[in-house]
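Novice: Sequence:
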Amino acid sequence: MDKKGFDIQLLEEFFNEHAGMFGLGEESVRPGVFSLGVLVRQVFNQQARALEGATPFDKKLQGFNLDARKLRIIYKDAIDKLNKYTSVHAYQELKAFVNDHFFLTNHLLDRVPNDELSFYFVAGLEYGNRFKSNTNNDNEQDTAE
11 MDKKGFDIQL
21 LEEFFNEHAG
31 MFGLGEESVR
41 PGVFSLGVLV
51 RQVFNQQARA
61 LEGATPFDKK
71 LQGFNLDARK
81 LRIIYKDAID
91 KLNKYTSVHA
101 YQELKAFVND
111 HFFLTNHLLD
121 RVPNDELSFY
131 FVAGLEYGNR
141 FKSNTNNDNE
151 QDTAE
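The sequence shown begins at 11 in my numbering and counts up by one.
Source of the hints: derived by calculation from the structure; they are not laboratory data. Here the structure is a predicted model, which is why all the values come from computation and not from measurement. Glycine included, each C-beta is placed from N, C-alpha and C at the ideal position. Treat the hints loosely; a few may be bogus.
Think about it this way: if two alpha-carbon atoms lie no more than 27 Å apart in a straight line, the pair counts; the simulated BS3-like pairs of lysine-lysine are [unchecked claim]:
1) 86 / 105
2) 69 / 91
3) 14 / 94
4) 105 / 69
5) 142 / 69
6) 69 / 80
7) 70 / 142
8) 142 / 14
9) 14 / 86
10) 105 / 70
11) 86 / 70
12) 142 / 94
What follows is a list of derived Cβ distance ranges for each label pair [as the list claims (entries may be wrong)]:
13) 144 / 123: 36 to 44 Å
14) 86 / 124: 16 to 24 Å
15) 33 / 82: 19 to 27 Å
16) 136 / 69: 12 to 20 Å
17) 123 / 29: 15 to 23 Å
Could you put the whole structure together from the sequences, leaning on the hints where they help?
Specialist: Laid out in structure tokens, this is it:
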């Protein structure tokens, strides 16, 4: 069975191909919110693998009715959970990407309607498994799809 791992290049290519949709730039929170959803998908994958299909982190998403405050909490909790289920060194490129695009723009989240924040987060969550490729890096392998 081929194991797939997270491939940051696929995520970067996705943003480049769809730059207009994300409004890339210093003032855009969309890439950060989307990439946070991608990160949470990896948490789900790791939990499902460790807990026989269960994904208790799902309860933190509050039915996808998200606002700036909730997203900041999810960010902190997702990093914590990912570190608990994997090596602290796993997903370093994805964590760095989220930091560059979510953390550095989080002061702008309050200016964005909650529906838009929820939309981009859920889109990232749903697209999260599309950024994988065959890998030899054991720290980022993931067989849950």
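Novice: All the hints need checking, so say for each whether the structure fits it.
Specialist: Here is what the structure says about each hint:
Annotation: proposed proximity of residue 86 to residue 105 holds, straight-line Cα distance about 11 Å (limit 27 Å). Distance check on the hinted pair: residue 69 and residue 91 sit about 13 Å apart at the alpha-carbon level, within 27 Å; holds. Using a Cα cut-off of 27 Å, the hinted pair residue 14 and residue 94 holds, with the two alpha carbons roughly 20 Å apart. Using a Cα cut-off of 27 Å, the hinted pair residue 105 and residue 69 holds, with the two alpha carbons roughly 22 Å apart.
For a cut-off of 27 Å, the pair hint linking residue 142 to residue 69 stands: about 25 Å separates their Cα positions. Annotation: proposed proximity of residue 69 to residue 80 holds, straight-line Cα distance about 12 Å (limit 27 Å). Restraint check for residue 70 and residue 142: the C-alpha separation of about 25 Å stays at or below 27 Å, so the hint holds. A distance of roughly 6 Å separates the Cα atoms of residue 142 and residue 14; the hinted pair therefore holds under the 27 Å criterion.
A C-alpha spacing of about 25 Å is found between residue 14 and residue 86, which places the hinted pair at or below 27 Å, so the restraint holds. Restraint check for residue 105 and residue 70: the C-alpha separation of about 19 Å stays at or below 27 Å, so the hint holds. For a cut-off of 27 Å, the pair hint linking residue 86 to residue 70 stands: about 11 Å separates their Cα positions. With a CA separation close to 21 Å, the supplied pair residue 142 and residue 94 stays within the 27 Å bound.
As the Cβ distance of residue 144 to residue 123 is approximately 39 Å, the hint placing it in 36 to 44 Å holds. Between residue 86 and residue 124 the Cβ separation comes to about 19 Å, which falls inside the hinted range of 16 to 24 Å. Evaluation of the 19 to 27 Å hint for residue 33 and residue 82 yields a pass: the beta carbon distance comes to about 21 Å. Range check, residue 136 to residue 69: about 18 Å between beta-carbon atoms, so the 12 to 20 Å window is met.
A beta carbon spacing of about 21 Å between residue 123 and residue 29 agrees with the range 15 to 23 Å that was offered as a hint.
Of the numbered hints listed earlier, not one is contradicted by the structure.
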